[in-house]
Amino acid sequence: MLDKLVNRLGTNFVRITVLFLVLVGIILFFSSQIDNYLNARLFNRISISVAIIALIAVGQAMVVLTRNIDLSLGSIVGCVAYFLGGILAAHPGIPPLLVPVIAMLIGACFGAINGYLVAYLKLPAIIVTLATLAIFRSVLVESSDGTSITTASLPEWLIEFARQNAFVIGDFRVRWIVVIALLVALIAHIYLTRFRAGRQFFAVGSNPDAAEFAGINVRRIVMQAFLVSGALAGLAGFIYLARFGNITVVAGLGLELKSVGAVVVGGVNIFGGSGSIIGVLLGATLIDLLDTSLVRWALVSEFWRDAVLGMLILLAVAMDTFMSRKLLMRRNKMSDAELDRSTATTAVQSTRLVADNQAKTP
Amino acid sequence: EKGLKADMVLLPKFLGILPFDQANQGAEEAHAELENTGAFLYTGPTPENSVAGQIEIMTTSASQGQAAVMLSNNAGDQIVPAANAAAKAGTKVVTWDSPIPSAEGEALFVAQVDFGEIGVVMADMAYSILGGEGEFATLSATPDAANQNAWIEAMEEALKGEKYAKLKHVDIVYGDDQSEVSYNRALALVDKHPNMGLIMSPTSVGIQAAAKAMQDEDLCDTVKVSGLGVPAEMVTYTMNGCAPEFALWDFVDLGYLTYYVSYLLATDQMKGEVGETFDAGRMGTFTVEKDPTRDAGLRVLMGPFTVYTTENVEAAAK
Amino acid sequence: MGETVQTPQQSAVHEMIGKAVLEMRGISKAFGMTQALDDFSIRLQAGTIHALVGENGAGKSTLIKTMTGIHQPDSGVLLVDGNEVAFHTTQAAQVLGVAAIYQEPMVFPDLDVAENIFINHHDRPAFVRWDETYQEAEQIVTRLGVNLDVRRSASGLTLAEQQSVEIARAISLNVRVLIMDEPSSSLSDHEVKRLFGIARALREQGVAVLYISHRLEEIFELADVVTVMRDGQHISTRVIAEVTEDGLVAEMVGRDMQGKFNRQPSVATDHVMLKVSNLARIGAFRDVSFTVQKGEIVCFSGLVGAGRTDVALALFGIAPADSGVIEIDGKTVVINGPQAAQKLGIAYVSEDRRKLGIAMAESITTNITLPVLERYCNTLGLIDKQREAADADRFRQQLNIKTADLDAEVGTLSGGNQQKVMLAKWLNTNPGLLIVDEPTRGIDIGAKAEVHRIIRDLAAQGVAVILISSDLPEVLSLADRVLVMREGQLVGEFTGEQATQESVIQMAVGTDRQGEVA
Amino acid sequence: MNSNNFSARILAHIMSWEGFLFTVLAVLIVVNASASPFFLTVSNQINLFQLSIEKVIVALVMTLVIINGEIDLSVASIMGLAACAFGFLFQSGVPAGGAVVLALLLGGVCGAFNAFWIAWVGIPSLVVTLATLIGFRGFARVLVEDRGITDFPEWFDTLGQQAILGPIPLSMLIFFVLIVVCYIVLQRSTFGRKLYFIGSNRDVAEYSGVDVRRIKGLVFVASGFISALAGVLFAARVGAVRGDVALGFELDIITIVLLGGVSIFGGSGSMTGTVLSILIVLNLRNGMALSNFTGHLQTGALGILLILSVMVPNIREAVARLWKSFRATPT
Ligand SMILES: Nc1ncnc2c1ncn2[C@@H]1O[C@H](COP(=O)(O)OP(=O)(O)OP(=O)(O)O)[C@@H](O)[C@H]1O
Ligand SMILES: Nc1ncnc2c1ncn2[C@@H]1O[C@H](COP(=O)(O)OP(=O)(O)OP(=O)(O)O)[C@@H](O)[C@H]1O
Ligand SMILES: [Mg+2]
Ligand SMILES: [Mg+2]
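Chains as they are written, first to last, in the numbering used here: chain A, 1 to 362; chain B, 1 to 318; chain C, 1 to 518; chain D, 1 to 331.
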């Protein structure tokens, strides 16, 4: 029975269920530890603070699926938030609906730079984005010469927007920010699961050479991935600006690693080819939930938080790995050794194939 | 005496936040006023690389033979070897805003206000906002921020006083001087301490983020925000009652005074000894004294302290 | 001998079959020093199966990669329907109906079989309807006659299964030119028969098929026209009727080969090297018992997926057995990993060269010395590169590995030469028990003969050899004993003399499946 | 023709990765020397190393890790943890010498912890070390909380700050020794050879009887241990520890290694490359600092350099094409 179900719904389903269980487990645990923990307020808090990281994580996921990585996201968010703030301070008159579009465009430009270098010049993504992480940030600092955007200088509607609810059910308040994030995630999810172009993201990540041989336009796909992640980072930058109002040049620092964290905890294979947006959302939520709950947990002092957080993330990933392996084995009726064999093989193969590509390029 | 030559470096904790930028303005002003024929350089590390960066700049300044380095120390005592080396190389190290805890290698410290006094002022603001009674928590920068730690300590010292008996300081959390972290920490505090009536944040980033958070969550009438902030950033929240009172000194003046002292030291017009008095342009005369807030070290006390409320904040924000 | 030899018969062929769908004129392609293709010309006609033969490294794979836009030729022209074209991407080729199945199977391990087939079908709607996809995939797979769960993910498919997926992908596109680079190399006999069925069907539909193989008997069974190439040059193109096997071989190797597959007397001693009793691993094989003597060559025959490799992997400790007893030289041993196996003098030459055999990005020399590195340490415990080089060179001559430079990456060698490097690597361990899994998969007659010679020599030196092969002629010419596996069990045993193609296949397939074979 | 070939060979040489790095380095040194009178002074040359000595020491082991086909994002956190552990132990009465030893051991343990999840459980190293990046830093925080620990014994600070051999301080000496050790291990030892093979195809290595887990494990333990050493050296150099010791160093370290031409996918790269790139980074930073370009300008410049370096193959191709066409056109 279970086997049938698993078989029908596939690996991702397994991963997601496992993650979901872990998440529920954590919530239950903390509600036993912290009084009046499990209530609408928790939902409101988490939903809002996840919104931004979720957007970025979705973009990151698209990139990771194609067996690349985008470490420059944090800097992109910072740049967009800052420049957008500057633009709005200068021209408060810009029609509100246009602003997020502008934000996404700016973001997409940054993404395009990464995309061009990775997809067309065939440079390894991790190196390119490690570099642009630094470059974009320095562009920001130099162009800002140290001054920061202040709430006062921003149009009223923007500040208001950050706190407007799309709808309210009882104590559950759903902000527009959250709706936007969910919409984006939904679109990404449908695109990746239901459109051939989306499926090709998986193909490219799963085996780039095969994708090339099968006549898939690998370059276009990779370029798309970076454009999307850039644009989403831009959107995140817009929300960041609206939400925090005062933007210094350190804005968005470290978001890149957070997003990678959400993506891997969300069960996306870091070697590309497998994963799901739902998983990513759960991953982002899980990390954020842990972080905020630990602050509230009386037992661990402020200073213990990161130590615990790190270990919990590791445990979450480990549990995910274990359980999905076991379930997978039941699904393919493989023995442990065999599974190791096939999984290990594919993982290594993936890296090797890319390495080969590198070798072949010149 | 004006017009002497002394290359000087203004070294903030890191580039990119308003207060340091204001300090730079003040220094520029003094630089022009003193007709220093030497070069004046405003340079700092990146926030994510602050400590190593400050050490590096201190060291290179020494090898460049800079006459003086004006340091807002973010590296605690880790800067000491570099500072000592600089001093040996004949570079005067003058700290401002945040001193070298052990005072080693430091000529003197230009204190914006008396750190003990800051503690009292924060306690007082809490007292008046909470109406003399209630719980409040602190949202600080990073656990390593030397002067935030000193001020919080001073505040807790002050809180021992009779007057504040009914004030309860329930928690300290750290927002790492980043908007989003501070914002989320502030909300977490609200959830963690249902009876808390005030968030005290002795850092410009933290206080602003906390105020924004309370505003966004419509909590302003139950949880107030106070601490140390820049008027330009806080004016909205003071006017709408989220942050009725907060305090700060004038960073432009701080930069100005620091430059003056450093210039005088660098051009040997001043030795930097206890009791020595000097005249700092538009800001009047100051005296070098032993720093009571540290075991060792000299300081020049700037003061005064401005507490901003609805009355004066708008004017200051201009 | 650069250009086509125009015999009257051949032009007759063209009349008979009509104009070329795809034609190459004077194509040249070089990789650094090696001239892979040298002024090569070929015409593929609709409704013809055109065979391409040549030694390892002749340039066959390179040729088809230039046909499908993976490599761009340095010079020469490519025509489709008589119009000149240039493929800069594989899509470009696909749009014009040129598709290929490559020598190394290329599947997407993370996608399920159905998606692997349909991943790039532009004629289908952009929106994926899953049930439809699975149904159509089912149809295609059944048309191929392989039994594959189309919902199963492609990771963990055997080479053969991967191959089937690729074929399915190719034929599911409406191709006009289908190129198959050694498709049969990882298939076992009755699967090859199915493949032929498909190829013939396509021919009826007027598809031009280019078929590359090292198994000449296949060529004669299937092809209409055969082109021979050597060192990247075109040697001849003839109607199959006019060529003889020996003629082809002579043209391929540029000399005529004597005495290929004739049996040699067994050199088996009666000293039992390996004794296996009731070996079993859940999900792979059960109660496997057999012995191998020093100097004996025991062949494992059976269909792909029968479990032969798994038995080998159990003996080599990669995927140890759950139960059963293994005795080496009469001593019961536990083999829990490759190191343990090596200590016992067991060597395993994998069937999966690219994934498990040799590291493509590393040099030939280092690959050969890897398993016994410690042997090359000098007194300081550092590697003595001279000694390494010397040994590598020895193997280059012994196995005549075609390469200018032993420090070159193995990946730049042709398939066959890669195979030889892998063999060299394991011979370098001087094993007492050598397990070779599909050792001649995808290597040419000359090389094959050499490999066989090497195996015989080893046996003669008293090495016990287990040979897993899906190539029956090979089995029959080498085996002292043939063990047949089916669905994870040993179902029968022949002595080398008794064994015949028919009897072995019968047993491998099992009575229930006889229908399919005939 | 002949001359063409010759110049072509020169060109090819310059256009190889090491060649590229070497050229850049040469240019840098010349520019720096001419730009600042202080550059070539011994004290500055020492500073140039001292200022980032801990990073470059770790970069050496990171080279092994990445060639092995893995990555270790937790190095900076281990540096921090080791430094804080040292400070904590020292403060709680353990003699400095003993504290150092314990701190180093702790580093090894951290490495082993990473190794366990990566080599035995089989979770990708990027994921594991991302988690321990947070976790280990967290434990550092637990140890020192919001305190800054200082007043270490004289000898300890001296070791970190004074020269012990001519003008050369201990940490630099360690650095030079480590270069030699790592070079031999990587280029000449069986361990290094296996490292490369695991990096380029783990399965092949395993099928060839290489004990992949053991070697991966060892590499991470080494990485942990050396990181700890670097952390303690940092504490000695700055004579104080805090919770944020070495915060964020990991990216700089990885940047250095990648700039050195080590393939992020493992299996290729060399010690020479890493050393060259170390020298480049140090000279670039120092040169820019002397000309008062600090902060983001430095990291930005490094970023650009990093991209350029991976473009070497493309550049080479382009140049070669130009060359061809140039020779094709009859003059
Ligand atoms: N990517 C490459 N880089 C360098 N040399 C290559 C590359 N691909 C092929 N070669 C060389 O080109 C020649 C032809 O190789 P190719 O693979 O076409 O031979 P083949 O006829 O397919 O041999 P086999 O029958 O073993 O597959 C060989 O000498 C090979 O070393
Ligand atoms: N390289 C591999 N990766 C993953 N699974 C494999 C691999 N090889 C074999 N298997 C699994 O083991 C089962 C038995 O296949 P095995 O290879 O042992 O049979 P075989 O008789 O050796 O066939 P072949 O001709 O492919 O060697 C297969 O159904 C497959 O699921
Ligand atoms: Mg080939
Ligand atoms: Mg097999």
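Keep in mind the hints are simulated off the structure, nothing from the lab.
This structure is a prediction, so every number in the text was calculated from the model and none was measured.
Treat the hints with care, as some may be off.
Among chain B residues calculated to face chain A with C-beta under 7 Å, some are [what the hints assert, rightly or not]:
(1) Ser179
(2) Asn184
(3) Gln208
(4) Asp216
(5) Leu219
(6) Thr222
To list a few chain A residues with every Cβ distance to chain D over 10 Å, as calculated [claimed, not checked]:
(7) Ala89
(8) Ser138
(9) Val139
(10) Leu158
(11) Leu257
Backbone N, C-alpha and C fix where the C-beta goes; we use that ideal spot for every residue, glycine too.
Here is how each hint holds up against the structure:
Contact between Ser179 of chain B and chain A, as hinted, is supported at the beta carbon level, the nearest pair being about 4 Å apart and thus within 7 Å. Interface hint status for Asn184 of chain B: upheld, as the beta-carbon distance to the closest one in chain A is roughly 5 Å, under 7 Å. With a least beta-carbon distance of about 5 Å to chain A, the hint placing Gln208 of chain B at the interface is held under the 7 Å criterion. Residue-level restraint check for Asp216 of chain B holds (minimum Cβ-Cβ distance to chain A is 4 Å; threshold 7 Å).
With a cut of 7 Å, the hint placing Leu219 of chain B at the interface with chain A is violated, because the nearest CB-to-CB distance is about 11 Å. For the restraint placing Thr222 of chain B at the interface with chain A, the shortest Cβ-Cβ distance is roughly 13 Å, beyond the 7 Å limit, so the hint is violated. No Cβ of chain D approaches the Cβ of Ala89 of chain A within 10 Å, the least distance being about 22 Å, so the stated non-interface status holds. Its closest Cβ contact with chain D, about 3 Å, brings Ser138 of chain A to no more than 10 Å, contrary to its assignment away from the interface.
The Cβ of Val139 of chain A does not lie farther than 10 Å from every Cβ of chain D; its closest approach is about 7 Å, which violates its non-interface assignment. Look at Leu158 of chain A: its CB is around 27 Å from the nearest CB on chain D, clear of 10 Å, so calling it non-interface holds up. With a least CB separation of 7 Å from chain D, Leu257 of chain A falls inside the 10 Å interface cut-off, contrary to its annotation.
Hint check: violations occur at hints 5, 6, 8, 9, 11; the rest are consistent with the structure.
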